[in-house]
Amino acid sequence: MKILSSYSIKGGVGKTALAVNLAFALREAGHRTLLLDLDPQGAATFYFRVAGAEKFRMRDAGALAEGLRCNIRESDFPGLDIIPSNLGYRHFDILLDGMAKRRRQLRKVLEEFKPDYDVILMDCPPNITLLSENVFRASDAILVPVIPTVLSRRTLEQLAGFFRDEELPAGMLRPFFSMVQKRNRMHREIMDDLPASYPGFLKTAIPFSADVEKMGLHRMPLLAYSRASAAATAYRALCDEIFPLVSRGK
Amino acid sequence: MAGMGATSFEGSESGGKVLNGKSVCLALPEGVGPECLQGKWEVDIHPQESRVLAFWDTFEWGLWFNGHILYSTGGTYYLCAREGGWPGAVLCEERAGDRRFWKDFETGAMRARLEGMLGLRGLAQVAEGTFRLRRCDARNSEGKIVCRLEWSSLSAGKGRGEDLVHSCRVLPLTGYEPEAARLVQHLVRRGALTSGDDPLEALLRHVGRMPRLYTLRPVFGLKMDTPAREGVGRIVRAILEIAESNVPGIVSDLDTEFLHDYRICLRKVRSALSLVKDAYPADETRRIRIVLGDLARQTNRLRDLDVYLLARDEYRELLPPILRPALDGMFKDFSAEREQEVRRISLAMGAESTRRLFREVKEFFAPETVHEPSPAACFPVGALVFRRILKRYRKIRRIAANIGAETPDEAVHRLRIECKKLRYLMEFFAELIPGGEGAELLRLLRRLQNRLGEFNDALVQQRSLMNYWGQKRSGTKAALAVGGLVAMLHHRQQQARGLIDEALEGFCGGSTAAAFKQTFKQARVPATGTKRTARQ
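As given, the protein sequences belong to chains A and B, one line each in that order.
Take the position in the first sequence, starting the count at 1, then add 659; the result is the number in this note's numbering.
Take the position in the second sequence, starting the count at 1, then add 895; the result is the number in this note's numbering.
Careful: at least some of the hints might be erroneous.
Stated by the list, open to error - The list that follows gives simulated cross-link-like pairs (lysine-lysine, DSSO-like), each with its CA atoms no further than 27 Å apart:
hint, chain 1, residue 1, chain 2, residue 2
1, A, K773, B, K917
2, A, K714, B, K917
3, B, K1416, B, K1286
4, A, K862, A, K669
5, B, K1315, B, K1412
6, B, K1416, B, K1290
Unchecked claim - Some residues of chain A that are not near chain B, with every Cβ distance over 12 Å (derived):
hint, residue
7, L746
8, H750
9, A819
Think of the hints as simulated: they come from the structure by calculation, not from any bench.
Virtual Cβ for every residue (Gly too), placed ideally from N, Cα, C.
All chains should be modelled from the sequences, with the hints used to inform the complete structure.
Structure below.
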C-alpha cells in the first residue's frame, strides 16, 4: 500500500482538484484507492456528494483508526472510497500532541487499512501543523501543486526549508506545476527555471482550465465528466508519472 | 459478470438492519421491475443487456462439486467461483475456442486451475441460457448513489423464452447499508422472497441436468443379515446402472473415462457373481458371466489404444530428445486405429445385439425375476462375505509367502488378480465392515495393488510394443526408439518388482493378518446360527 498526499502551505493552488482527480485516475488504473479528506473545508467530500463524517472519539490511535473505518463511504465509482471531512479533524493536533511518537502516529493508523487498499491519498489543509508533520512522515510521496508565480515559488522554498530543518527526506517532495497558463510569460519563465532547483520536480504540468472550476457544478471529478479535456489528460499523465516513482524501491 | 453471486439475506424484516456490505439476492414475482422504486427513490435505470451463456462441466461435474462454474459468452470462457448456483468472482478467463480437456486451454492460470478438477475428463456443454440484466442506481437527496441493483432474468436456450428466474440483486455501497436495507424492505413488501432458486440451478433443473455425485463405489444399503441373493442383486443392479450411464459418453467419445468406467463396472459385476458364489443358480451365473465377458471383450482393443495414447507424453519423456520424433509414427498409427475402433464400438453399442445382451443381464438381476433356489441364496450376506474375505486374504498370504526375487512373472500376476478380487469384495461390502479398521486394511491393500499394477503395466506395455514392432518394422530410428522404450519399461518393471516386497510385508505381515482376523472373524458366527447352514 502506498500513501500519497496532496499538500501545499498555500491555498487555492489546486490541491483538492489534484486529490479528487488523481484518486479517480488511480482507481481507473486498477488501484483500490481511499481518499482521506483531512481538510475541514471538505471540498473533496463535497465533490463526491458525500455527507460529512460522523463524529467519533479520537482518544488514541486505535480509536482513531476505528473511527476512520466507520466513516468510509464508497464513492459512485467502484474501487474508490472516501473518508469524508469532519470539522472535528481540527482537533487532530491536540490529539496527536498527547500521544507518544506524536509525529508518526498517522502512519500507524493508516497501516490498518493496508489489506483493503493499494493507495491512500490524503487531501491536506493548507498549513504547517503537527498534523502536517504526521502527513509528511506517513507519506511515500508528497505532491505539491505549484502555480508558476513568485508567491507559489516562495511557499515551495518555505516547505523545502522546513524539510531541511526537520531532517525530513527532501526526495519525498514531488512538486509539479498547476493551473498553468502557457500564454503568461511569467509562468513560462518560472517553469523554465524552477525545476532545476528541485530534483523531484514532476514533468507533468496541469493546465489552467475552466472545466476544473466546473467540478463544483457537476459534483464529480473532472475525469468523470470531461475525460478528453486537456486538464483530464494531464491528471492521467501525472498518475502515470507518479505511481511508478513511489512503487520503486518501496 | 464478476460478482453475480447470490447471498442469502437474513433479517430483511428488521428495519434499517445493516447488510454488512454483502449483496442480497431476491426472487421476484413477475412484473416487479426497477420502475417500482421510482417516486420513492431517485433511480437511474440503465439499458438492458442480454447475453447467451453456455455452461460447461464434465460428466462427473468436476467443476461444480469443486466449487467452480465455467461458462462461455461473447467469445470468452470465464472460470468463476461458484456462489450457490451462480457464478461469483471471475478467477480467470480465456478466449473461446475448441477446448475439451484442460490441456486444450492456452493460458497457464486456466490450465493450472482446471487440471486438478478435470483430470482425464472432457468438458461438455451442460446448459445454455439467455441472461438479461438491467442495472439501476438508487440515489439519495444529494444525488449520491447509495445502492446498486441488478434485475435479472434467465430463460433456457437462445432468445426470448419463458423466464425461469426473475431476481434482483441488491448491492449496498460501503457506508450506505441502511439505505440498501430500506430498499430490500420495499421489495419484500412487493412480494420479493429472500430465498429461491439460484438461476443456474433453475436452468439445470429445466433442462433435466441437475448435478449429481458420480461414484463407482455407491452405497448399496446392505445389512449383515441381508439375504445373499438380495445383497448381490442390489450391488449388481447399482453397478449396471453406472455402466449404462457411461454408454452415451462412449458413443460420443467425449473422453476415455467413460469406457474405462464401463469396463470396470462389467468386471465388478462378473466378480460379484463369482465372489459371492451360489447366490444365484450356478448354470445361470455362468451364462451371465459369459455375456458380461463378451460385452467387455469387444472394447478391449479400444481401451488398450487409450492407454497407449494417454501415455504418449510419458513415453516421449523416457527417451532422449533425439529419439522422440521417431515415436510419432507409432502414435499416429495408434490414433488412426483408435478412430476406427471408436466408430466400431459406437456402432456395436447401438446395435440391437448388444442392447439385447445388456437387457438380458438387467432382466436377470431385476428384483421381480424369479430364479431357481441356490445353496447360498438365503444366507445372511455379512457372515458369508466376511468368511470369503478371510479366505481370500489367506490365499494371498500363501501366494505371497512363495514370492521371491526369482519367482516367475506369472505368479506375481496371479497375486495381482487375487488382490483385485479381495479389493472388490471389501469394496462391495464396505458398509458392513467396521469403519476405521476396514479403511486401514483397504489402504494397505491399495498400496500393494498400486505396486503390482505398476509392475504389470510395465510388463504388458513391453509386450505390446514388441508386438507392434513385430507387425510394422519400419526405419532404424523407430527401431531404436521402440527398443529404448522397451528397455526403459523393463527397468521400470524391475524397480516395481523391488517395491512389491515392501508392500507385501505391510499387507501380509503379522499385525495386518491379526487385524484381518479380528475384523472379519468377529462376525463369522452370526447370532442366527447360520454358520452351519452356510456349509450345507
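Exercise. Report holds if the minimum CB distance from A819/A to chain B is greater than 12 Å, and violated otherwise.
Key: At about 38 Å from chain B, A819/A clears the 12 Å cut-off, so the statement holds.
Quiz item: Since H750/A was said not to touch the interface, does its Cβ keep a gap of more than 12 Å from each Cβ of chain B?
Solution: Label holds. Min Cβ-Cβ 22 Å, cutoff 12 Å.
Quiz item: When you look at the beta carbon of L746/A, is every beta carbon of chain B farther off than 12 Å?
Solution: holds (18 Å)
Quiz item: Do the alpha carbons of K862/A and K669/A lie within 27 Å of each other, as the hint requires?
Solution: The hint holds at about 21 Å.
Exercise. For the pair we were handed, K714/A and K917/B, check the Cα-Cα distance against 27 Å.
Key: holds (25 Å)
Quiz item: Holds or violated: are the alpha carbons of K773/A and K917/B at most 27 Å from each other?
Solution: Status holds; Cα separation ~21 Å.
Quiz item: Taking only the CA atoms, is the gap from K1416/B to K1290/B under or equal to 27 Å?
Solution: holds (16 Å)
Exercise. Compare the distance between the alpha carbons of K1315/B and K1412/B with 27 Å, and conclude whether the hinted pair is satisfied.
Key: holds (19 Å)
Quiz item: Is it true that the CA of K1416/B sits at most 27 Å from the CA of K1286/B?
Solution: holds (11 Å)
In the structure shown, no violation is registered for any of the earlier numbered hints.
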